[in-house]
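**Q** Residue numbers (this note's numbering), protein chains in the order written: chain Z, 1 to 266; chain P, 1 to 281.
Hints are computed from structural coordinates only; laboratory data are not their basis. A hint or two may mislead.
What the hints assert, rightly or not - Calculated lysine-lysine pairs in the BS3-like style (CA-CA distance at most 25 Å, straight line):
| id | chain 1 | residue 1 | chain 2 | residue 2 |
| --- | --- | --- | --- | --- |
| 1 | P | K223 | P | K280 |
| 2 | P | K19 | P | K6 |
| 3 | Z | K179 | P | K20 |
| 4 | Z | K195 | P | K120 |
| 5 | Z | K179 | P | K265 |
| 6 | P | K120 | Z | K187 |
| 7 | P | K58 | Z | K176 |
| 8 | P | K191 | P | K226 |
| 9 | P | K65 | P | K217 |
To be verified - Covered stretches of chain P (in silico footprint by chain Z; criterion: 3 or more residues with CB under 8 Å from a CB of chain Z, positions within the stretch not fixed):
| id | region |
| --- | --- |
| 10 | 81-89 |
| 11 | 103-114 |
As the list claims (entries may be wrong) - Simulated restraints on C-beta separations:
| id | chain 1 | residue 1 | chain 2 | residue 2 | range |
| --- | --- | --- | --- | --- | --- |
| 12 | Z | N232 | P | G131 | 49 to 57 Å |
| 13 | P | G113 | Z | S15 | 50 to 58 Å |
| 14 | P | K19 | Z | L38 | 45 to 53 Å |
| 15 | Z | N232 | P | T100 | 36 to 44 Å |
| 16 | P | Y12 | Z | L77 | 57 to 65 Å |
| 17 | Z | D217 | P | G43 | 20 to 28 Å |
Predicted model, so just to flag it, every value in this text is computed and none were measured. Ideal Cβ placement from N, Cα and C applies to all residues, glycine included.
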Amino acid sequence: MIRDITLGQYYNEDSVIHFLDPRTKINAVLVYLIAIFLVDKYVSYGLAFLFLIFCIKLSKIPIVFITRGLKSLIFLLLLSVVFNLFMTPGNVIFKFGIFSVTYEGLNLTIKMALRLVVIVLFSSLLTLTTTPMELTNGIEMNLKFLKRFKLPISDIALMMSIALRFVPILIEEVDKIMKAQMSRGAKFDDKNIIKRAKSYVPLLVPIFVSAFRRSNDLALAMEARCYNDSDNRTKLNPLHYKKNDLIAYIFLFMYFIILVVLKVAF
Amino acid sequence: MHIEVKNINYIYDKMSKEKKYALRDVSFDIFDNDYIAIIGETGSGKSTLVQHLNGLLKADSGDIKVDGVSIYSKNYDLNSLRFKVGLVFQYPEYQFFSETVISDVSFGALNMGYSEEEAKEMSKNILRTVGISDEYFDKFPFMLSGGEKRKVAIAGVLVMNPEVIILDEPQAGLDPVSKSELFKVLYDLHKKGKTIIMITHNMEDVIEYADKVIVMKNSKVLKVDKTASVFNDDKLLSEANIIKPEQVELMNKLNEKFKNIDIKKIKQKEIVEEIVNKIKR
Ligand SMILES: Nc1ncnc2c1ncn2[C@@H]1O[C@H](COP(=O)(O)OP(=O)(O)O)[C@@H](O)[C@H]1O
Ligand SMILES: [Mg+2]
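Using the sequences and the hints, build the whole thing.
**A** The structure is reproduced here in structure tokens:
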């Protein structure tokens, strides 16, 4: 039932990419994002695509898991295709009715679609190879400089990690409550939409009550252990860059430079 | 009602690389008017097992038959099985969702198809049976005390008038008075012909109430036997990591010293009778 939901979407594997520092991976996604907007030639697209495939191969994740992320994007992709294809002025290739497809439009459409696809694939690689906890850690470290501007980065990171921690706990709770109500004859698969919506009331109330109870307990437990948000908190598993991270940064840098050169030189 | 559990196996995480059984080749029978206790360490599979008995979990292999019919057969009505085999989860008071005690208890009866009126009447009756008096009926369930909440929650299952009542650690977190009241209610139901299956870690309760015991360890059923036999089986107890209850110890010691003591008599009342008889003789 509800347990079948895969969490976040971390894919457990022992690969070079999995063992990279989360900061490296987050930065790589940022660089990749920026770089893709520098790209305007098909050669450069080819390179971006190659880089993506290279990383996917290194991560050992089956390709189906990665392309799964595209499903939720189909609507956006179609929208962008329609708009770009029919709304761009230029040399008309062919026409039906009031719609006309231009050479420029076709070009733009293909490039936009490619951009969207590679960006989504590359960033799903980040979430597939990084546990939620690593991810929050990485984000916190990356945003540390914002502390100078009095932004409560540690608090935000703490909130993120608590929220992430709570997801599996809540899923388990929902599972238990669902089973308990089913034991009292509740049906959650009624064909009638109204009946089905109604059948969720006996779930929602206990779920909320339980979420409040648990967060209350957690807050108490944290206070009992003297939690405070001073700046000098240390980490259980501090992040350390390793040799592979350096190599990754070099690859990334080279990739970026080549793209810039391709843009400027030709 | 006769429930046959035949060689069932169950794995929670079927996708994971190494298969970890939560139930492994489990078989036993439940007969009419049994009072069965399921004991075993935490994580031995007790809760998983009882969720199979009303079809919440489906065994990966093996079969469960209720009155001769497999509950895994096509078109078997699991929903009506759940009305006959009532399962009370651990901490059942966490499932409250209504504004009043009476409407929360009515939920099961309404799901069975009874009218609003009938369900209310049934709920009132069952609430009185478990010892909740009329002035509580329209209260907000979350406002009750721990023991009252537990009774109301259990009433929420009993209202369906199940033939078999399964309770997963019903005494957990209850004060001694509420606990003994609850066990008295269950015992009365048993006297009236209900089958009771109870998961518990409290051996005193097992001895006082259960006729049969299912001993579990590491996803397997080690033994299904009469209560007194289980507690006199030292090898079994140590294998299952169960400490021998004091009353069993007492009877054994008495037998060593005076001979001709019936060590199968381990309930409080039986022990007293046995000792009194011995003195008289
Ligand atoms: N919902 C679940 N998902 C995955 N594993 C579970 C789940 N529930 C229980 N388990 C595992 O199955 C085993 C048996 O658990 P359980 O039946 O709850 O034992 P008990 O009730 O005897 O303490 C344990 O190893 C437990 O970790
Ligand atoms: Mg349990």
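**Q** For each hint, tell me whether it holds in the structure or not.
**A** Going through the hints against the structure:
1. K223(P) to K280(P): violated, 37 Å
2. K19(P) to K6(P): holds, 21 Å
3. K179(Z) to K20(P): holds, 22 Å
4. K195(Z) to K120(P): Distance of about 21 Å is within 25 Å: holds.
5. K179(Z) to K265(P): violated, 39 Å
6. K120(P) to K187(Z): Cα-Cα ~21 Å, so holds.
7. K58(P) to K176(Z): Distance ~15 Å between K58(P) and K176(Z) Cα, so the pair holds.
8. K191(P) to K226(P): Cα-Cα ~18 Å, so holds.
9. K65(P) to K217(P): holds, 23 Å
10. 81-89: holds (count 6)
11. 103-114: holds (count 4)
12. N232(Z) to G131(P): 49 to 57 Å: holds, 56 Å
13. G113(P) to S15(Z): 50 to 58 Å: Because 55 Å falls inside the window, the suggested range holds.
14. K19(P) to L38(Z): 45 to 53 Å: holds, 49 Å
15. N232(Z) to T100(P): 36 to 44 Å: violated, 52 Å
16. Y12(P) to L77(Z): 57 to 65 Å: Distance hint for Y12(P), L77(Z) is violated at roughly 37 Å.
17. D217(Z) to G43(P): 20 to 28 Å: holds, 22 Å
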